[in-house]
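Asks: One letter stands for each residue in the lines below.
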Amino acid sequence: MNPAIPSQVVALLTFPGVVLRAAVEVLFCRRLRVAVGEVCYFRFGTPPGFVTHERPANVHQALLIGLGPFFVNSLLAALMAFPFVLPALEFRVSSVQGYILAWLSISIAMHAFPNADETEDLWRAVRSPASSPRTRLLATPLVGFMYVGAVGRLIGLDLLYGLGVLVLPPALLLYVLP
Amino acid sequence: MAVAWQWTYPPKTPAGADPAPVCKNCKCPNVEEEYELPLCWDCRRWASVRPLPRDIKLICALVFIALLYAGYHYPGTLGASIAYQEGQRAEKARNFTRAIAEYETVVATYPQSPLAVARLGLAYYRGGQVQQAIWILGHVWWRGTPKETAMQVNAVFRDIKKRAGVK
Chain P
0 MNPAIPSQVV
10 ALLTFPGVVL
20 RAAVEVLFCR
30 RLRVAVGEVC
40 YFRFGTPPGF
50 VTHERPANVH
60 QALLIGLGPF
70 FVNSLLAALM
80 AFPFVLPALE
90 FRVSSVQGYI
100 LAWLSISIAM
110 HAFPNADETE
120 DLWRAVRSPA
130 SSPRTRLLAT
140 PLVGFMYVGA
150 VGRLIGLDLL
160 YGLGVLVLPP
170 ALLLYVLP
Chain C
0 MAVAWQWTYP
10 PKTPAGADPA
20 PVCKNCKCPN
30 VEEEYELPLC
40 WDCRRWASVR
50 PLPRDIKLIC
60 ALVFIALLYA
70 GYHYPGTLGA
80 SIAYQEGQRA
90 EKARNFTRAI
100 AEYETVVATY
110 PQSPLAVARL
120 GLAYYRGGQV
130 QQAIWILGHV
140 WWRGTPKETA
150 MQVNAVFRDI
160 KKRAGVK
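These protein sequences, in sequence, are chains P and C.
Numbering-wise (numbering that gives the first Met the number 0), the first sequence opens with residue 0 and increments by one.
Numbering-wise (numbering that gives the first Met the number 0), the second sequence opens with residue 0 and increments by one.
Read the hints as simulated data drawn from the structure, not as lab findings.
Beta carbons: idealized from backbone N, C-alpha and C, even for Gly.
Worth double-checking, as some hints may not be accurate.
Said to hold, decoys possible - Partner residues are not named here, just some residues of chain P that face chain C (Cβ under 10 Å, in silico):
no., residue
1, Ala22
2, Val23
3, Val35
4, Pro55
5, Leu78
6, Ser94
7, Gln96
8, Tyr98
9, Ile99
As the list claims (entries may be wrong) - Here are the computed lysine to any residue pairs in the SDA-like style, where the Cα-Cα straight-line distance is at most 20 Å:
no., chain 1, residue 1, chain 2, residue 2
10, C, Lys26, P, Val35
11, C, Lys91, C, Gly126
12, C, Lys91, P, Tyr174
13, C, Lys146, C, Glu90
Using the sequences and the hints given, assemble the complete structure.
Replies: In structure tokens, the structure reads:
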């Protein structure tokens, strides 16, 4: 987020995304039977929410735990605002509930990216000898994207991503429709 | 039950943790070896199934409700969007009866949309239903329509005035 705005304020304004990301990561750990250590769903610090867990048993588990919350958050954010952003773009109508869902959607998408430490763990897992060449080939660009997202928070890329997730799917649909 | 290990954030993963033949929590010998922490099946289950606090469950439930609410609006939104595209296609093909029907579907979903109302009014006018056109376009006269549509509406009103002999 923009360095001019304190991260605590950003975290407070976008708390549903912080909470949801940590909750989804906990659920992924539960599903994959990875022991969870400390869990913080929300705090006024950096990062605002985190989950510590043991090292996953294999690369696929590491990828699921590292990338799963990103995909879940992004998908939820895109689905949530779609029926209100599409008419806003096409018919120029807006509503209070549309604004609320847009805020929720941006909040959730903004916190889709893992933090820098989690990205580092992910990178370590992808580069480990246990990782197959195909996994490396497929996962490296994704992990690189996660790095960009994690580091880009400092210059507001998370907000840009949030807005992109909000606007791009309906805009693409309108572009595709004849 | 308390875990015998504690982590601080960021986690400093113990790469060379001593391989323990027994579960670190209950000392049971049936350890799941593929994982880093030596835990038996039951203790691993306990360690991985972290219950969500009530507040967090509430927030997740609210997000889920918001998602359901959005999902409830999907059919209407997509239906209106498709109807609008179909209406424009029908208008281009000069099939104004079809265009009116499609735009009416859009206006039924988004009656507050000046663009949809204007398109409906224009379709009425071009379809020869001048009375309805005047009635409908009167509603969008003062509202913010896109420039191109507003110009078309103005042209219709000029034409109506001209035909009625009003200056």
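Asks: State for each hint whether it applies.
Replies: Consistency of the hints with the structure:
no.: 1; hint: Ala22; in the structure: holds, 6 Å
no.: 2; hint: Val23; in the structure: holds, 9 Å
no.: 3; hint: Val35; in the structure: holds, 5 Å
no.: 4; hint: Pro55; in the structure: holds, 8 Å
no.: 5; hint: Leu78; in the structure: holds, 6 Å
no.: 6; hint: Ser94; in the structure: holds, 8 Å
no.: 7; hint: Gln96; in the structure: holds, 7 Å
no.: 8; hint: Tyr98; in the structure: violated, 12 Å
no.: 9; hint: Ile99; in the structure: holds, 8 Å
no.: 10; hint: C:Lys26 with P:Val35; in the structure: holds, 19 Å
no.: 11; hint: C:Lys91 with C:Gly126; in the structure: holds, 12 Å
no.: 12; hint: C:Lys91 with P:Tyr174; in the structure: holds, 18 Å
no.: 13; hint: C:Lys146 with C:Glu90; in the structure: holds, 19 Å
Checked against the numbered hints listed earlier, the structure breaks hint 8 alone; every other hint is satisfied.
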